[in-house]
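Novice: Below are the chains, spelled out letter by letter.
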Amino acid sequence: MNCSEVRARLHAYVDGELTVSEITDVDGHCMECRQCAALARAEREFRQLLRRQPREGAPPELRARIVRRVRREAAVAKGRRWLLLPAVAAAAAVVVMVLLPARTPPPLVADLVDKHIAYAQIERPAELASTDPREVAEWFQSRAGMRVTVPDYSPSGIHLAGARLAEAHERKAAYLLYEKGRTLLSVFMVPVSAGEAALPGRRVSYRDHNYVAYEQKGFRTVSWSDGQAVYGLVSMLDYDALLECADRLRAERARQTRL
Amino acid sequence: MALVHLAALYHTALRLTRNRAEAEDVVQEAFLRAFRSFHRFNPGTNCRAWLFTIMRNVFLNRVRTQGREVLETEMGGLDHAEVTVDAHVDRNPEEQFLQTMLHGDVDRALTTLPLAFREAVMLVDIEGLTYREVAEVVGCPIGTVMSRLSRGRALLRRALGRFAREHGYVKEEE
Numbered sequence: 672m673n674c675s676e677v678r679a680r681l682h683a684y685v686d687g688e689l690t691v692s693e694i695t696d697v698d699g700h701c702m703e704c705r706q707c708a709a710l711a712r713a714e715r716e717f718r719q720l721l722r723r724q725p726r727e728g729a730p731p732e733l734r735a736r737i738v739r740r741v742r743r744e745a746a747v748a749k750g751r752r753w754l755l756l757p758a759v760a761a762a763a764a765v766v767v768m769v770l771l772p773a774r775t776p777p778p779l780v781a782d783l784v785d786k787h788i789a790y791a792q793i794e795r796p797a798e799l800a801s802t803d804p805r806e807v808a809e810w811f812q813s814r815a816g817m818r819v820t821v822p823d824y825s826p827s828g829i830h831l832a833g834a835r836l837a838e839a840h841e842r843k844a845a846y847l848l849y850e851k852g853r854t855l856l857s858v859f860m861v862p863v864s865a866g867e868a869a870l871p872g873r874r875v876s877y878r879d880h881n882y883v884a885y886e887q888k889g890f891r892t893v894s895w896s897d898g899q900a901v902y903g904l905v906s907m908l909d910y911d912a913l914l915e916c917a918d919r920l921r922a923e924r925a926r927q928t929r930l
Numbered sequence: 007m008a009l010v011h012l013a014a015l016y017h018t019a020l021r022l023t024r025n026r027a028e029a030e031d032v033v034q035e036a037f038l039r040a041f042r043s044f045h046r047f048n049p050g051t052n053c054r055a056w057l058f059t060i061m062r063n064v065f066l067n068r069v070r071t072q073g074r075e076v077l078e079t080e081m082g083g084l085d086h087a088e089v090t091v092d093a094h095v096d097r098n099p100e101e102q103f104l105q106t107m108l109h110g111d112v113d114r115a116l117t118t119l120p121l122a123f124r125e126a127v128m129l130v131d132i133e134g135l136t137y138r139e140v141a142e143v144v145g146c147p148i149g150t151v152m153s154r155l156s157r158g159r160a161l162l163r164r165a166l167g168r169f170a171r172e173h174g175y176v177k178e179e180e
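These protein sequence lines map, in sequence, to chains A and B. Position 84 of the first sequence, counted from 1, bears residue number 755 in this note's numbering, the numbering being contiguous throughout. Position 49 of the second sequence, counted from 1, bears residue number 55 in this note's numbering, the numbering being contiguous throughout.
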């Protein structure tokens, strides 16, 4: 290959779009021609500059909105075209599992993720092993004087395994441990300290409530604050499951507060 | 499958529309369309290119209805016109300015490119699509992708060089 033949192929060369024999020819030419070698190098560096461009992640609200719209359509389609249901369900699942971009979560949320990881590694993470929500609630009351709402997620196949007193941000926190098969779900309730306003972070709306959702170290988190406590769910379960659990805990908490 | 492409679709939409709200609308509509035509998607084929194609169509439809830059006219001329940029002649020692460019500069420079070149550069250089995928997304032969890419990169270089001089990264007459 001569210089003009090489230069005509330079872009395809740095993009890895040439055939093996063409690559060998261009390589061979560049060994002997410093000018073409310099051009190839410059082209490669330029490409690297472009590759390094920041990519703004999709906002969690967008993902939640897409999931909602797809579900709504899926529900309509279900009534109309039941024959297509498997495809509809598959597509809905596909959208539901869209990953949220990695961002830095609030320190409290990061702390909860670390606790979740730590507990997942010890043999008996629960101080009290129990599958009975009432027993767990009574245990918190007698042990630490805490009124803890212990939601029952068993209809969704997420079973209560136990509880412990945890610490987050140097505050005593309630920790509930659930299992879905072999996947753990941690539910933390951390009392809000004075002057601590709403949890900072990017919000996802689910059933008219706002949540802060982050992905951290491979785990998904959904958190919110009701003014009295910060609630944080940590798991490898998908966001839909987490938001559903969050919604039920919030509703149960509101019901108990009213009583 | 489709799940891993939301981020790529979103930042590509953002670079196309240059507007977050609009980018979100485009991506949402693209996903809904993908969902509606999911039964037509052939599992063996390229899901990423398929989604990008749908998103590009959504974007172009909006552009047309809004009466802004219209791709066909813009590209119809450009593909056949002599664009007087030679990637190799245009380069000079001030190439070192590339090391000092800020991220925002590249985005700003990209916006100065005609859409046909901008999308080729974005899809290949930023999103990492292959020439074949871009040809599928854009609906043109691979040869056209290659020439748009080479011109697009040359125009981008030139725009960046201009910014570098404006910002004083390099001196006016070097």
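No wet-lab data here; the hints were simulated from the structure. Keep in mind that the hints are not guaranteed to be accurate.
Unchecked claim - Covered by chain A, per the in silico footprint, the following chain B stretches (three or more residues, Cβ under 8 Å):
#1 34-42
#2 56-70
#3 140-147
#4 150-158
Unchecked claim - Here are a few chain A residues that sit away from chain B, every Cβ distance over 12 Å (derived from the structure):
#5 673
#6 745
#7 851
#8 923
The beta-carbon is built from N, C-alpha and C at its ideal position, and this holds for glycine as well.
Novice: Does each hint hold? Answer for all of them.
Specialist: Here is how each hint holds up against the structure:
1. With 6 residues having a beta carbon nearer than 8 Å to a beta carbon of chain A, the region 34-42 of chain B meets the requirement of three or more and the stated coverage holds.
2. Residues of the region 56-70 of chain B lying with their CB closer than 8 Å to a CB of chain A number 0, which falls below the three-residue condition for coverage.
3. Beta-carbon proximity to chain A at under 8 Å applies to 0 residues in the region 140-147 of chain B; the threshold of 3 is not reached and the given coverage is violated.
4. By the rule of at least three residues with a Cβ nearer than 8 Å to a Cβ of chain A, the coverage given for the region 150-158 of chain B holds, with 3 such residues.
5. Distance check on residue 673 (chain A): its Cβ is at least 14 Å (rounded) from any Cβ of chain B, clearing the 12 Å threshold; non-interface status holds.
6. Residue 745 (chain A), annotated as away from the interface, has a beta carbon of chain B within 12 Å; the closest lies near 8 Å.
7. Consistency note on residue 851 (chain A): stated as away from chain B, and its beta-carbon is indeed over 12 Å from all of that chain's, at 20 Å minimum.
8. At roughly 30 Å, the least C-beta separation between residue 923 (chain A) and chain B is larger than 12 Å, which holds for a residue marked as non-interface.
Of the numbered hints stated above, those contradicted by the structure are hints 2, 3, 6, listed in ascending order.
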